[in-house]
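> Take our numbering: the last position of the sequence shown gets the number 825, and nothing is skipped along the way.
FYI, nobody ran anything at the bench for these hints, they're computed from the structure. The beta-carbon is built from N, C-alpha and C at its ideal position, and this holds for glycine as well. Take the hints with a grain of salt, since some may be wrong.
[As the list claims (entries may be wrong)] Listed below are the simulated DSS-like cross-link pairs for lysine-lysine, each with C-alpha atoms no more than 27 Å apart in a straight line:
hint, residue 1, residue 2
1, K597, K609
2, K577, K609
3, K546, K597
4, K794, K775
5, K609, K794
6, K794, K566
7, K572, K558
8, K566, K609
9, K597, K566
10, K609, K775
11, K577, K558
12, K546, K558
13, K597, K775
14, K577, K597
15, K794, K572
16, K566, K546
17, K597, K572
18, K572, K546
19, K778, K572
20, K597, K794
21, K794, K577
[As the list claims (entries may be wrong)] The following label-pair restraints were derived from C-beta to C-beta distances:
hint, residue 1, residue 2, range
22, N803, Q610, 40 to 46 Å
23, K546, S792, 33 to 39 Å
24, S776, S798, 40 to 46 Å
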Amino acid sequence: MFEGKLTSVLNKLLGEYVHGISAKDLSVAVFKGDVVLKNLRLKTEALNALDLPFAVRSGLVGKLSLQIPWRALGKQPVVATIERLYVVAGFADDVDGDGALTVEERTERWERAKAELRRRVVDEGESKWLESAAAADGTNDAAMDKQQEDAAKGGDGWLAGMLDTVLGNLEVNISKIHVRLEGDLAAAAKDDASISSSNSSSKPDDCFAAGVTLESLTVNTVDASGTAAFSVGGLAERMRKSAKLARLAVYFDVGAASIKPAGSDRWENVSPDDLVAAMEPGVGSDTNTQT
Numbered sequence: 535m536f537e538g539k540l541t542s543v544l545n546k547l548l549g550e551y552v553h554g555i556s557a558k559d560l561s562v563a564v565f566k567g568d569v570v571l572k573n574l575r576l577k578t579e580a581l582n583a584l585d586l587p588f589a590v591r592s593g594l595v596g597k598l599s600l601q602i603p604w605r606a607l608g609k610q611p612v613v614a615t616i617e618r619l620y621v622v623a624g625f626a627d628d629v630d631g632d633g634a635l636t637v638e639e640r641t642e643r644w645e646r647a648k649a650e651l652r653r654r655v656v657d658e659g660e661s662k663w664l665e666s667a668a669a670a671d672g673t674n675d676a677a678m679d680k681q682q683e684d685a686a687k688g689g690d691g692w693l694a695g696m697l698d699t700v701l702g703n704l705e706v707n708i709s710k711i712h713v714r715l716e717g718d719l720a721a722a723a724k725d726d727a728s729i730s731s732s733n734s735s736s737k738p739d740d741c742f743a744a745g746v747t748l749e750s751l752t753v754n755t756v757d758a759s760g761t762a763a764f765s766v767g768g769l770a771e772r773m774r775k776s777a778k779l780a781r782l783a784v785y786f787d788v789g790a791a792s793i794k795p796a797g798s799d800r801w802e803n804v805s806p807d808d809l810v811a812a813m814e815p816g817v818g819s820d821t822n823t824q825t
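Could you build all of it, start to finish, from the sequences and the hints given here?
Here it is, written out as structure tokens:
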């Protein structure tokens with residue numbers, strides 16, 4: 535039951551936003567409890583369809599893994615790991631009249647897009663849940679009745695309790711993240727009607743780069759003394775969590791040239807290896823760590 539639901543969710547979410555997802559291979563990996571996906575290119579068209587104020591030019595997830603201890607589920611933590619998440623973005627192209635929109639109007643469109651995305655995710659999740667519940671009701675009425683009886687006795691039910699324990703003890707490891715925005719200040723100023731066209735021409739000093747880098751982030755469950763532990767018999771919100779950040783940095787560099795590899799006319803055409811080589815320097819203390 536858990537395996538099928540997890541496979542469906544991963545296949546939908548990952549398949550919508552990254553290239554190279556095989557539904558068959560993903561299903562086999564989930565049932566084995568060891569999902570490992572490498573060199574996943576982000577679908578820039580899917581991300582840009584969210585009507586963000588910036589356009590994603592290129593993106594890569596070096597490694598995405600999920601370790602699921604099926605035989606000890608509820609006794610050992612599920613471990614999610616993301617390594618080398620690199621994203622390059624720029625100002626969205628002014629098309630379909632977007633150039634006439636004010637900052638407030640762009641922000642409003644962004645909020646509407648996010649709300650619509652959340653609504654779709656909720657609706658689809660509810661539909662899948664109702665479908666699976668109806669199927670289970672038709673094939674295993676006795677089991678469903680037993681779960682309902684358990685819930686009626688004052689508990690949240692076995693399924694809800696298991697999900698609570700699994701999510702509450704989820705261990706997350708993130709390493710080597712670099713999100714970079716490259717742009718032209720003169721081009722960005724075109725939305726301001728008070729700036730004349732003669733003052734909006736690009737100059738070397740108009741170029742800039744802004745970004746966020748992170749070497750690592752670890753989140754896990756701990757006991758009262760701060761030692762890593764697995765907590766059961768309590769709601770997820772009552773659990774103690776520990777988060778450790780390493781080398782988090784934010785930069786804004788006016789006059790910075792693009793780090794796009796030489797020989798590439800567009801970020802969209804940069805190979806995964808070249809993207810890693812361009813984005814990784816400065817992210818961590820050891821940039822030669824292998825995945």
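> So, for every hint listed, does it hold in this structure?
Hints and how they fare:
1. With a CA separation close to 26 Å, the supplied pair K597 and K609 stays within the 27 Å bound.
2. Taking the CA atoms of K577 and K609, the gap is about 36 Å. The hint is violated against a cut of 27 Å.
3. Under the criterion of a C-alpha separation no larger than 27 Å, the hint pairing K546 with K597 is consistent with the structure, at around 18 Å.
4. A distance of roughly 39 Å separates the Cα atoms of K794 and K775; the hinted pair therefore is violated under the 27 Å criterion.
5. A hinted pair counts as satisfied when its Cα atoms are at most 27 Å apart, and K609 with K794 does not qualify at roughly 47 Å.
6. In summary, the hint linking K794 to K566 is not supported, as the alpha carbons are separated by about 39 Å, beyond the 27 Å threshold.
7. With a C-alpha separation of about 16 Å, the suggested pairing of K572 with K558 holds against the 27 Å cut-off.
8. Among the hinted pairs, K566 with K609 is consistent with the structure: their alpha-carbon atoms are about 17 Å apart, no more than 27 Å.
9. In summary, the hint linking K597 to K566 is supported, as the alpha carbons are separated by about 18 Å, within the 27 Å threshold.
10. Under the criterion of a C-alpha separation no larger than 27 Å, the hint pairing K609 with K775 is consistent with the structure, at around 17 Å.
11. Of the pairs offered as hints, the one joining K577 and K558 holds, with about 20 Å between alpha carbons and a cut-off of 27 Å not exceeded.
12. For a cut-off of 27 Å, the pair hint linking K546 to K558 stands: about 13 Å separates their Cα positions.
13. For the hint pairing K597 with K775, the CA-to-CA distance comes to about 24 Å; that is within 27 Å, so the pair holds.
14. Only pairs whose Cα atoms come within 27 Å are accepted, and K577 paired with K597 is accepted, the gap being roughly 16 Å.
15. For the suggested pair K794 and K572, the alpha carbons sit about 22 Å apart, so the restraint of at most 27 Å is met.
16. For the given pair, K566 sits about 19 Å from K546 by alpha-carbon distance, which is consistent with the 27 Å threshold.
17. Under the criterion of a C-alpha separation no larger than 27 Å, the hint pairing K597 with K572 is consistent with the structure, at around 4 Å.
18. Taking the CA atoms of K572 and K546, the gap is about 17 Å. The hint holds against a cut of 27 Å.
19. Under the criterion of a C-alpha separation no larger than 27 Å, the hint pairing K778 with K572 is consistent with the structure, at around 24 Å.
20. Among the hinted pairs, K597 with K794 is consistent with the structure: their alpha-carbon atoms are about 22 Å apart, no more than 27 Å.
21. Proximity of K794 to K577 is assessed by CA-CA distance (about 19 Å); at most 27 Å being required, the pair is judged to hold.
22. For N803 and Q610, the Cβ-Cβ distance of about 43 Å falls inside the hinted range of 40 to 46 Å, so the restraint holds.
23. Between K546 and S792 the beta carbons are some 34 Å apart, a value that agrees with the proposed interval 33 to 39 Å.
24. Checking the proposed 40 to 46 Å range against S776 and S798 shows it holds: the Cβ atoms sit about 41 Å from each other.
When the structure is compared with the earlier hints, violations turn up for hints 2, 4, 5 and 6 and for no others.
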